[in-house]
Structure formats: C-alpha cells, structure tokens
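Let's have the full structure, built from the sequences with the hints guiding it.
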Amino acid sequence: MLSLDFLDDVRRMNKRQLYYQVLNFGMIVSSALMIWKGLMVITGSESPIVVVLSMEPAFHRGDLLFLTNRVEDPIRVGEIVVFRIEGREIPIVHRVLKIHEKQNGHIKFLTKGDNNAVDDRGLYKQGQHWLEKKDVVGRARGFVPYIGIVTILMNDYPKFKYAVLFLLGLFVLVHRE
Amino acid sequence: MAAAAVQGGRSGGSGGCSGAGGASNCGTGSGRSGLLDKRQALTILPRLDSSSWAQAVLPPQPPKYLGWQWKIDDKPVKIDKWDGSAVKNSLDDSAKKVLLEKYKYVENFGLIDGRLTICTISCFFAIVALIWDYMHPFPESKPVLALCVISYFVMMGILTIYTSYKEKSIFLVAHRKDPTGMDPDDIWQLSSSLKRFDDKYTLKLTFISGRTKQQREAEFTKSIAKFFDHSGTLVMDAYEPEISRLHDSLAIERKIK
Chain H
31 MLSLDFLDDV RRMNKRQLYY QVLNFGMIVS SALMIWKGLM VITGSESPIV VVLSMEPAFH
91 RGDLLFLTNR VEDPIRVGEI VVFRIEGREI PIVHRVLKIH EKQNGHIKFL TKGDNNAVDD
151 RGLYKQGQHW LEKKDVVGRA RGFVPYIGIV TILMNDYPKF KYAVLFLLGL FVLVHRE
Chain D
9 MAAAAVQGGR SGGSGGCSGA GGASNCGTGS GRSGLLDKRQ ALTILPRLDS SSWAQAVLPP
69 QPPKYLGWQW KIDDKPVKID KWDGSAVKNS LDDSAKKVLL EKYKYVENFG LIDGRLTICT
129 ISCFFAIVAL IWDYMHPFPE SKPVLALCVI SYFVMMGILT IYTSYKEKSI FLVAHRKDPT
189 GMDPDDIWQL SSSLKRFDDK YTLKLTFISG RTKQQREAEF TKSIAKFFDH SGTLVMDAYE
249 PEISRLHDSL AIERKIK
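Protein sequences appear in the order of chains H and D. FYI, in this note's numbering the residues of the first sequence are 31 to 207. FYI, in this note's numbering the residues of the second sequence are 9 to 265.
Derived by calculation from the structure, the hints in this document are not laboratory data. C-beta atoms are modelled at their ideal positions from N, C-alpha and C, and glycine is treated no differently. A portion of the hints provided could be inaccurate.
[What the hints assert, rightly or not] Where chain D lies over chain H, by a calculated footprint (3+ residues, C-beta under 8 Å): (1) 39–50; (2) 58–72.
[Said to hold, decoys possible] Here are the computed distance ranges between Cβ atoms for each label pair: (3) D:Y142 to H:K138: 47 to 57 Å; (4) D:I166 to H:K138: 21 to 31 Å; (5) D:T168 to H:K155: 27 to 37 Å; (6) D:T168 to H:Q158: 46 to 56 Å; (7) D:K234 to H:M184: 39 to 49 Å; (8) D:D91 to H:L195: 17 to 27 Å; (9) D:I80 to H:R100: 26 to 36 Å; (10) H:R171 to D:H144: 25 to 35 Å; (11) D:H144 to H:L127: 32 to 42 Å; (12) D:D91 to H:I115: 51 to 61 Å.
Structure follows, in structure tokens:
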C-alpha cells in the first residue's frame, strides 16, 4: 500500500491554508509568465528568447539568444535576424545577405545560414523570393551559451517535460512555505 | 490497564506521570530514578483501589474503525525533525489549537484574508494578461500587457510590505467575547520565530484588552528538543502546559488590574 505520509501536512490544513497553497502555485506560475510578458513588452519582440538550432560557427546548438525588435532600428546586411516563414512555426536564425530598400522605408531582404552552402530561397514559401519586415521576430542582441539544451531536450521528449512540470507542481502544492 | 483505570476515574492528568507532582523528567529515565519510582508507585496505588470499581461500571470501548478520512486532526503530529519550517509550522498550529480549543476563543481571519486577497488580485492580473494576449496576438496587445505586468509587480510590492509590516510573524488573532456582551472583545495574538538551523523557538502571546486598549505581552524561548521526541512526533503533553502557562500569566495580570 502506498504510504501517503507526504500528504499529511495538506490533510491537516483548513480551507484558507489550502487556498493559499493553490495561490502560491498560481503566483509562481504568474511570476514566470509576467517576467516573460514584461520582456516581450520591453524588447518589442514576440519571442524575446529563442534557442538556436544551428548557425555554426557563430552560434552553436543550444545557445540562448536575446532579441529586440524595435521599429526604429533598420535591418542592415550582416546582421543576424530571427524570422518566421509564413505557415511554419519554428523561427529561423540566419544572417542577412542582401537588402532592397525603397524610398518609403519598405525593405525586402534575403538570408543565409552561416553553415549552409546556399541562401535560404529553398526554405521560403513556394513563390516567395524575399523576406519582409513583418516576418522578422527580432534581431540578435546577446546570447548565453549552452543553456538552451534543456529546452531542446524538453521539446524532443515531451513526456520528460510533462513529468518535470507535474513533479514541480505537486511539490509546490504539497510543501508548506 | 492501570492507566485506563486512572483516566476512567479522574478527569485531569495524563497518565501516571502527572501524579508524581510535576517531576519534569519522569519517563526519560534520569539518574534519580530510585526515589521517584517509589513515590510514583505510592501515588498510583491508592488511585487503583478507589477507581477499580469505575472500570467495572464503564467497560473499555473497542476503538471504532472510521475508514480512511481526509482530515487527520486526531492523529499526533509527526514531521521530519530536521526540517526547520515543518517544525515551526507544527508548533504554530498546535499553539493555535490550544488557544482555540482549550480556551474557546474565536479566530479572526482578517490578516489572513488580506494576504489572500492581495495574492488573488495579482493572479487575476496575470490571467487577464494571458487571455488578452491570446485573443489579440502580440503587437496589438502591448499596452494592455504593459499595464498588467506593471500592476502585477506593484501588487507583489504591496504583498511584501503587507507581510513585513502588517502581518509580521503573527499567525493567530483570536477574540474572547465578553460574557456580558457589553464591552468590546479582548484580542489575543500569537506570533513566533524560529531562526534557520537554530533550535530555539520563541513564542510571543500578546493580549490587547477590549475595554482599555492596553497591550501586554509574554513570551518564552525554548529549544524545540523539549517538545519533539526522537521520531519527530510533537508531544502535546510537554507543549500544552507551556502555552497554558503563558496564557495564564497574562490573564492573571488582568485580574489584578
């Protein structure tokens, strides 16, 4: 028979204490969420931190990138941008190769990964030859090496992710302060 | 069997130990055992004679099997004795239990409700931000998001100020209703502290008179080893008299005034 001793603390709680345990859990989740949304607002990018899949030798698999997406900053050749192709979910981190700029500021640009032999036209949508500003998620401003490997692991093995989250949640709910 | 007879016959007392006139080290096997055992035996013996007929009148009831219950209020409190916060929480809860059950005071949930409200409002801002961002994808939701994020962190600041200055380390506010119904309630407050990795537990009882609004305090600092046994079970027989003594010292002053 499974001994449920770890639940003893919870069983002795009255309604208010139980509600506070749930609130504690909610506040931890909310703090993480608010920090993420706060970063979104400050940097202007909808995904301010991305994990690089490959752009050797500049970035390695598992590096974490910080992005900004300020409207005032113009995109220049040689900059590393993170963009999303229409219809695809995963953002791509590549370098800008060529830019065509109109008088009114409208630009279209071509990208290529440092480690690829050809430019990205093969990756774009059927019939699309250039990227536009609306496809850009952000521009790389800084990075932290290796930390993203945990995220890659959790995405490759979703059961691991759910198990970790479930255990963390259970621990917070059952443990008192 | 002797213990059951003693308890059947008398109302107070918790077993043979209390019959020995308040010897604090009975049952732990100290060096002075010889004299103590004889005195203990002498005090128990007359009780056995007078209350053995009580045992005949009230046969011992077999324990009822209640099935698996969620609430375990009756089980003795057993915690990991090396976990500081579990020790403090169990001592706090037991002190609360003593005041509420033995002296029949009524708990006032005002402080706790304040904290719960602040936390609920913070979570509400977070949920609003989440839902709004989901309904209106990012660039349009920027002002609402900014508002929610700032409000959330402001509420966190308020919560920190509230727990530090208003709640302090008070975990119980209890009211004693005036029996005549004319004066406002007397308020008893319990607060405690137990430093990290320390064994000295300080419990402070504050009495605020309803009529005169005067405040009186009493506290004790004891090692937690006095209240817990080797397996981590809280021994209420050692803890409860401390609370009662603290309470009575404040109550007696009230009578003198």
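For this session: Go ahead and decide if the range 51 to 61 Å is satisfied by the Cβ distance of D:D91 to H:I115.
Result: holds (52 Å)
Exercise. For the stretch 58–72 of chain H, do three or more residues have a beta carbon lying closer than 8 Å to a beta carbon of chain D?
Worked result: Check passed, 9 qualifying residues.
Problem set entry | Cβ separation of D:I166 and H:K138, checked against the hinted range 21 to 31 Å | About 49 Å separates the Cβ atoms of D:I166 and H:K138, which means 21 to 31 Å is violated.
For this session: Note whether the CB distance of D:I80 and H:R100 lies within 26 to 36 Å or breaks it.
Result: With Cβ atoms ~58 Å apart, the hint is violated.
Problem set entry | Supplied distance hint 27 to 37 Å, evaluated on CB atoms of D:T168 and H:K155 | The hinted range 27 to 37 Å is violated for D:T168 and H:K155, with Cβ atoms some 50 Å apart.
For this session: With respect to the beta-carbon atoms only, verify the hint that D:K234 and H:M184 lie 39 to 49 Å apart.
Result: Roughly 48 Å apart at Cβ, these two residues keep to the hinted range, so it holds.
For this session: Could you check the hint for me, namely that H:R171 and D:H144 are 25 to 35 Å apart, CB to CB?
Result: Given a distance of about 26 Å, which is inside 25 to 35 Å, the answer is holds.
Exercise. Is it true that the C-beta distance of D:H144 to H:L127 lies inside 32 to 42 Å, as the hint says?
Worked result: holds (34 Å)
For this session: Take a look at whether the Cβ-Cβ distance between D:Y142 and H:K138 falls inside 47 to 57 Å.
Result: violated (31 Å)
For this session: May I ask you to test the hint 46 to 56 Å on the CB atoms belonging to D:T168 and H:Q158?
Result: With a Cβ separation near 51 Å, D:T168 and H:Q158 satisfy 46 to 56 Å, so the hint holds.
For this session: With 17 to 27 Å as the target window, see if D:D91 and H:L195 comply at their CB atoms.
Result: About 24 Å separates the Cβ atoms of D:D91 and H:L195, which means 17 to 27 Å holds.
Exercise. Are three or more residues of the stretch 39–50 of chain H within 8 Å, CB to CB, of chain D?
Worked result: holds (count 6)
The structure fails hints 3, 4, 5 and 9 (numbered hints given earlier, in ascending order).
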